[in-house]
Amino acid sequence: MVKEQVQVIVPATTANLGPGFDCIGAALDLHNRFQFREIPSGLSIHYRGGDHVSQSKDNLVYRAFSRAFELLSKPVPGVEIEITLNVPLSRGLGSSATAIVGGLLGANAIGGLNLAPETLLQLAIALEGHPDNVVPALQGSCQLCVQGQQGQWVFCPIEWHESIGLLAVVPNFKLSTQAAREILPKSVSLADAVFSSSHLGLLIRSLQLGRVDWLRVALQDRLHQPARLELITGFKTVQAAAQAAGAYGVVISGAGPTLLALCAPDDRERVGSAMVSAWAQLDIEAEAKLLNLDRQGGRVLEVP
Numbered sequence: 001m002v003k004e005q006v007q008v009i010v011p012a013t014t015a016n017l018g019p020g021f022d023c024i025g026a027a028l029d030l031h032n033r034f035q036f037r038e039i040p041s042g043l044s045i046h047y048r049g050g051d052h053v054s055q056s057k058d059n060l061v062y063r064a065f066s067r068a069f070e071l072l073s074k075p076v077p078g079v080e081i082e083i084t085l086n087v088p089l090s091r092g093l094g095s096s097a098t099a100i101v102g103g104l105l106g107a108n109a110i111g112g113l114n115l116a117p118e119t120l121l122q123l124a125i126a127l128e129g130h131p132d133n134v135v136p137a138l139q140g141s142c143q144l145c146v147q148g149q150q151g152q153w154v155f156c157p158i159e160w161h162e163s164i165g166l167l168a169v170v171p172n173f174k175l176s177t178q179a180a181r182e183i184l185p186k187s188v189s190l191a192d193a194v195f196s197s198s199h200l201g202l203l204i205r206s207l208q209l210g211r212v213d214w215l216r217v218a219l220q221d222r223l224h225q226p227a228r229l230e231l232i233t234g235f236k237t238v239q240a241a242a243q244a245a246g247a248y249g250v251v252i253s254g255a256g257p258t259l260l261a262l263c264a265p266d267d268r269e270r271v272g273s274a275m276v277s278a279w280a281q282l283d284i285e286a287e288a289k290l291l292n293l294d295r296q297g298g299r300v301l302e303v304p
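Reading the sequence shown from the start, the letters are residues 1 to 304 in this note's numbering.
A portion of the hints provided could be inaccurate.
Claimed, not checked - The calculated DSSO-like cross-link candidates involving lysine-lysine, where the alpha carbons are at most 30 Å apart (straight line), are: (1) Lys236 x Lys289; (2) Lys186 x Lys236; (3) Lys174 x Lys186; (4) Lys57 x Lys174; (5) Lys289 x Lys174.
Said to hold, decoys possible - Listed next, with one range per pair, are the computed distances between beta-carbon atoms: (6) Glu80 x Gly50: 17 to 23 Å; (7) Ser163 x Thr119: 34 to 40 Å; (8) Ser163 x Arg63: 38 to 44 Å; (9) Pro40 x Arg63: 17 to 23 Å; (10) Gly78 x Arg216: 36 to 42 Å; (11) Glu4 x Glu162: 38 to 44 Å.
What the hints contain is simulated information worked out from the structure, not anything from laboratory work.
These numbers come from a predicted model, not from an experiment.
C-beta: ideal position from N, C-alpha, C; glycine also.
Work out the full structure, taking the sequences as your base and the hints as a guide.
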């Protein structure tokens with residue numbers, strides 16, 4: 001069914017969770033909102049909140065919106081897009097994934113395209129370049145993304161025990177995903193590969209069972225964090241403060257610089273305050289966001 005106006009809500013995401021580099025992501029209850037209204041022709045983009053975003057055709061929301069129509073060889077309609085930004089840009093919380101998923105869901109609803117969820121997932125992955133943010137952004141919850149030998153994707157939801165709470169602490173500086181990619185090693189030793197695979201297995205079981213004694217070990221990583229922490233001023237200081245306040249572990253959220261702490265739900269405020277204070281001692285402002293999993297993912301809302 002074609003609609004003249006739709007509103008889409010898409011959750012932020014945190015990816016990697018330590019050893020789950022490029023394969024694990026979780027949706028968070030922090031959302032960007034996108035409203036689409038068909039107009040006779042052209043493009044009009046408005047936004048509020050957050051940093052500046054492009055208001056031309058290179059806007060990622062519009063690129064995703066257009067791609068859905070192009071897939072079916074349909075003309076892209078004129079559209080007015082209103083964006084409400086709550087997910088900070090370039091901070092490791094999946095802002096680009098919200099834009100991609102928002103654009104695809106908006107196009108599917110306004111155009112009555114009837115694209116299947118599997119097709120939307122493939123389009124989102126192609127636009128983002130990797131699945132760990134867009135899959136939970138679209139499907140919700142915590143997701144494991146695995147690519148087979150023939151290139152096909154398998155998506156596996158990971159249960160998240162209610163005894164494991166999380167919070168994101170966002171510093172007031174940005175870190176580009178490209179810079180965080182470029183600093184990664186081009187190869188790893190066999191010992192580090194074994195370390196990574198064993199810790200990933202333990203991480204999944206820790207999250208499922210709520211075994212925090214396992215979780216403290218499982219969050220350790222040798223693939224991406226040792227290199228990336230050099231780009232995040234105060235990482236070790238903030239990590240130590242969080243653990244002293246009761247956190248089970250601290251990891252880089254996505255490409256950073258946001259740090260994600262896992263702890264008992266009732267300890268989140270204390271851990272967040274300790275992390276913010278640790279950064280403040282380095283003259284870096286930061287904001288703690290006490291979060292929960294978003295179990296619904298991106299969705300189209302009724303417009304009143």
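Hint by hint, here is what the structure shows:
1. Lys236 x Lys289: Given pair Lys236, Lys289 holds - Cα atoms ~20 Å apart, limit 30 Å.
2. Lys186 x Lys236: With Cα atoms ~24 Å apart, Lys186 and Lys236 stay inside 30 Å; holds.
3. Lys174 x Lys186: holds, 24 Å
4. Lys57 x Lys174: Given that 30 Å is the threshold and the Cα spacing comes to 24 Å, the pair holds.
5. Lys289 x Lys174: holds, 17 Å
6. Glu80 x Gly50: 17 to 23 Å: Holds, at about 19 Å.
7. Ser163 x Thr119: 34 to 40 Å: holds, 37 Å
8. Ser163 x Arg63: 38 to 44 Å: holds, 40 Å
9. Pro40 x Arg63: 17 to 23 Å: holds, 21 Å
10. Gly78 x Arg216: 36 to 42 Å: Since the Cβ atoms of Gly78 and Arg216 sit about 54 Å apart, the hinted range of 36 to 42 Å is violated.
11. Glu4 x Glu162: 38 to 44 Å: holds, 41 Å
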